Amino acid sequence: MQRKFIIGIALIIAAIVYLIVSSSQASAQYFLTVEELQQKGQQMAGRELRISGAVLGETIQFDSATLDLSFDVVHIPGDNKEIEAQGGLAEVLHQAVIDPTLPRLHVVYNGPMPDLLKNEAQAIMTGTLDDAGVFHASELLLKCPTRYDEAVPEQTGN
Amino acid sequence: MTVDLGFGLLILALIVTSYAAVAAIVGVSRNDNRWVNSARLASLITFPLLTLAVVVLLYLITTGHYEVSYVYAVSSNAMPLYLKLTALWGGQAGSLVFWSWLMAAFSSAVMLRKWDRDREFLPWVIVVTMITLIFFLGMVIFFENPFVRFWGTPMGARIEAMFPPVGSELLVPNDGRGLNPLLRHPGMIIHPPMLYLGFVSFVIPFAFALAALITGRTDDRWIRITRRWTLVAWLFLTIGLVLGMRWAYDVLGWGGYWGWDPVEIAALMPWLTGTAFLHSVMIQEKRGMFKQWNMLLIILTYDLVIYGTFLTRSGVLSSVHAFAQSAIGPLFFAFIALTFVVSIWLMLLRWKSLRSEGQLQSLLSRETLFLINNLLFLGLFIECFWGVNFPLLSELVTGQKVTFGPEWYIRATGPLWGGLLLLMGIAPISAWQISTIKTLGRAFWKPFIPSLAAVGVVLALGIRQPGAIIGFWLVALVASVTIYEYWRGIRARSHSTGENVFQAIWRLTEKNRRRYGGYIIHLGIIFMALGVIGIEVFQQQTQGALTPGQQLELADYTVTYKSLAEWDTADGKNVARAVMEVSRDGKVLQELYPRRDYYYDSQQPMTIPGVRSTIEDDIYVILVDWEPISTRQATFKVFRNPLVSWLWFGSIILILGSIIAVWPTPERESAR
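If you read the protein sequences in the order shown, they are chains G and Z. The letter at position 108 of the first sequence is residue 108 when you use my numbering, and the numbering goes up by one with no holes. The letter at position 354 of the second sequence is residue 1354 when you use my numbering, and the numbering goes up by one with no holes.
Please note: incorrect hints may appear among the correct ones.
[To be verified] Facing chain G, from chain Z, some residues (calculated, C-beta under 8 angstroms):
(1) R1350
(2) L1360
(3) I1372
(4) G1379
(5) V1397
(6) Q1400
(7) V1402
(8) A1412
(9) P1415
[Said to hold, decoys possible] Computed cross-link-like contacts, BS3-like style, restricted to lysine-lysine with a CA-CA straight-line distance of at most 30 angstroms:
(10) G:K40 / Z:K1438
(11) G:K4 / Z:K1438
(12) Z:K1446 / G:K4
[Stated by the list, open to error] Between beta-carbon pairs, the in silico distance windows are:
(13) Z:A1109 / G:Q95: 41 to 47 angstroms
(14) G:T66 / Z:L1392: 37 to 43 angstroms
(15) G:N110 / Z:V1501: 56 to 62 angstroms
(16) Z:R1034 / G:G8: 26 to 32 angstroms
(17) G:D68 / Z:M1162: 50 to 56 angstroms
(18) G:S138 / Z:V1501: 50 to 56 angstroms
(19) Z:G1441 / G:Y18: 28 to 34 angstroms
(20) G:G8 / Z:F1502: 29 to 35 angstroms
(21) G:D68 / Z:P1548: 20 to 26 angstroms
Treat the hints as calculated values from the structure; they're not laboratory data. This one's a predicted model, so the numbers in the text were calculated from it and none came from an experiment. All C-beta atoms in this analysis are idealised placements derived from N, C-alpha and C, irrespective of residue type, glycine included.
All chains should be modelled from the sequences, with the hints used to inform the complete structure.
Listed below in C-alpha cells is the structure:
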C-alpha cells in the first residue's frame, strides 16, 4: 500500500520538476549587455533576450500614426558593482552616451512612446535579435535615475 | 521635541519588549508564574507605547514637519488629509513602524485570551512574538528610523541624523516631496494594511506552533487554538493580494492585473504555503496525520512573511537597491535564516512525537487528496521561489544572468492551478479513509454530468483553445460539486427536521461554518478563475492614433474619440483627459474618460484607463499619447478583457465565505 503512495508522490514531484525545466528551456530570458550580445552575435538570434543599455537621445524616432518607435542604445555594464565603481548609474549612463567607442545597438519597438524614453535613460528591453543585428523589443522598461535625492531641499530661513 | 518623544517611545517599546522576552524565559526556567505574568503584562504594554509612537509619526506627517526626512519623503502640502494618513505606510521606515504596531496589537490580543488550559504555551508565545517584535523595532531604531531629521553643517552639507551633529542647524523644507503618485489610489490606501494584517496574523499560529514544539505538547491543541487566527490571516492576505491586483488594473494602465513581478510573488508565496497549511491542519484535527508537514508549512509561512515584508514594504516602486546599500537587507536575511534554522531544529527534536497517528489507506481517500493538494501548493511555492531566485543563482554559477518573465510563470504554474481546481471538484465528495473508484464514481457522476454540459456550451460558442476548454470544464465541475454538496446537506436536513430550504441552508451553515464557509470560498475561487481564464486566454487589443471623430474597432465594439482637454489642477498636476464613446451595433453604450495625470513635483506621469465593466467583458481604454493642442491627434490603446469582472465578484464571495468560516460559534466556544 505505502509503495503506491510513494510512487504517486514521486510522480507529482517529477511533474513539478518537469514543468520547471521545460518552461525554463522554452521561456527563460537571457540578460545580456550590448557588448555581450554583439560578441555572441548570431548564436543568440531568435532567442528571448533581455538587454539593458543607455538611450541615445538624438536617435529616437517615433511615428505616432503607426506607433513605430526606434532608437539606439549604448553599452553599459551589466554588473551593479561595476556600475557603482564607475560612479553610479546616472554617471555611467551619462558617460555611455558621450563615448562613441562603446558598442551600440539599434532597437525597434511598436507601441506607445514611453514617458521616460529620453537621452541618458536606462532602457531594459525584452525581445529578439534579427539576422540584420536589429533588436526587436516586445517589452520596454525605462529607468531614469534622478539626482533629486541629493539636492538640498528648499527651506525656510531659520 | 515631538520628534524626540516619538523616538523615545520606540526605544521604550524596545526595552519593554526585550524585558518581556527575557522575563518569560526566566519564568519558565524557574517555574515561577510571577515572572511569566510580568512578561505578559510587559508585552501588553508594548501596544499602547507603539500606538503613541504611531500617533506621533502621524502628527508629524499631518502637520507638515518636513524637517523629518521621512515626512519630507512621503508627504507634501498639496496632499489631502486621508492621503497623509496613509503616508504612514508609504515608505520603508513608516511601514516597519506600522508592522511593529500591528505585531504589538496582535500579541496583546493573544495575551488577553483565557490561558487556564494552555498555561504552558503562554511564556513561549510571548518569547516568539516578542523576539519578532524586537527584530522589527531594532530595524526601525537602528537602521530605518522614521524620526531622523535634516541638519545643515557649517560647511553647507546636508546630513540626516536623529541628533544634531556638532555646530549644525535644523533644515526645515517648505514642502515635502509627497507620496509617490502611483500610490495615491483608494486600492493602495487599504492594500498595504490588509497585506500586513495578513502577514502579522500568521505570526500568531507560528508562535503557538513553536510553543507546542518547545513544550512537547504536539497534539492538535495548538492548531485548534490558532485555527481562527490562521483563517483571519489568510483572509487578510487574500484581500491584500486582490486589492493589489485591482490597483494594478486601475492604475498601472497596462491592461492586466498581475505581472509576475518579484514583489507580487513575494506576497503570493506566504499565501501559497498558508493556504496549504489551512487545508492540511484539517487532516491533523480529524485524523491526527500530517503533523510534521503542518509544522514545516507554518515555519515556512512565517519566514516567507518576513521575506515578503522585506520585499514589499513600501509598495511597488522604490528600488531594491535602497536595501542593498543599508544594512537592513543582510539583517533581514540573517533573521530569516536564524529563525528558520532554529525552528527546523526544534521540529527535528520533536520529530518522533510528530509522527502520524493514522496511515494513508487509499489513493482516493480525502486524506490523500488533501496531501496532493498540499503538494501542488508547495509545488507552486517552489516554482515561485525558483523563479525569483534563479536569476541570482545562475549569475553566481555561470556568470550568465537569466530571468523569467510572465510567460515562464504561466507555463510553469498553469497546470498546477488546474490540478488544484480539479481537486477542489473531487475532494469534497471523496470519503475519509477508504475510497475507491467505485464509491467515488457513485458520488461523482451526478455533479459530473452538468459539468460536461458546460463543456458542450463552451464548444457551441466556438471556443477551441484547449486551455480555456479545460479551464471552463474545471470551473463548471467545482461549481456543480459544491452546489451538489450543499443540496445533499439541505435535503438531509429538511427531511429529518422538516425545515424549509432557507432554514436548512442557514442551520446547515451555522452547524459547520468552516466546512460550508469553505465551500463558499471555493465558489469564490472558481468565479475568480473565470475572470483569469477570460483575461489570460481571450484578451484582445488594438491601438491607433486618432483625430476627433475617428474610431477604433475591437470585437463588435466601436470606440470613438470625441475630444481631449488638458488642464492644471490645484494640487500640482497636469491632467489630460480624453472623452471616448463606446458603442456596439450602432448603439451608444457609455462614455469613457481615459486620462493621464502628470505630477509636477515628482515628475511622474500616471495613466488611468477608462473602463466599461460588465459581467461579459471590460472595455479598457488607455490614453497613450497626444499632440499638444495643434492637431488634436491622440493615440489610444483599447483592450477587451472578457469576464474579468468575475475576478472581483469572486473575491467578494470569497471574503463572505471566509467571514462565515471565521465567525465564532458560540456553543462550541463555551464547551471548550
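Taking the hints in turn, this is what the structure says about them:
no.	hint	result
1	R1350	23 angstroms, violated
2	L1360	6 angstroms, holds
3	I1372	7 angstroms, holds
4	G1379	4 angstroms, holds
5	V1397	14 angstroms, violated
6	Q1400	7 angstroms, holds
7	V1402	5 angstroms, holds
8	A1412	4 angstroms, holds
9	P1415	6 angstroms, holds
10	G:K40 / Z:K1438	60 angstroms, violated
11	G:K4 / Z:K1438	18 angstroms, holds
12	Z:K1446 / G:K4	29 angstroms, holds
13	Z:A1109 / G:Q95: 41 to 47 angstroms	56 angstroms, violated
14	G:T66 / Z:L1392: 37 to 43 angstroms	39 angstroms, holds
15	G:N110 / Z:V1501: 56 to 62 angstroms	57 angstroms, holds
16	Z:R1034 / G:G8: 26 to 32 angstroms	54 angstroms, violated
17	G:D68 / Z:M1162: 50 to 56 angstroms	54 angstroms, holds
18	G:S138 / Z:V1501: 50 to 56 angstroms	54 angstroms, holds
19	Z:G1441 / G:Y18: 28 to 34 angstroms	29 angstroms, holds
20	G:G8 / Z:F1502: 29 to 35 angstroms	42 angstroms, violated
21	G:D68 / Z:P1548: 20 to 26 angstroms	23 angstroms, holds
The structure shown violates the earlier hints numbered 1, 5, 10, 13, 16, 20.
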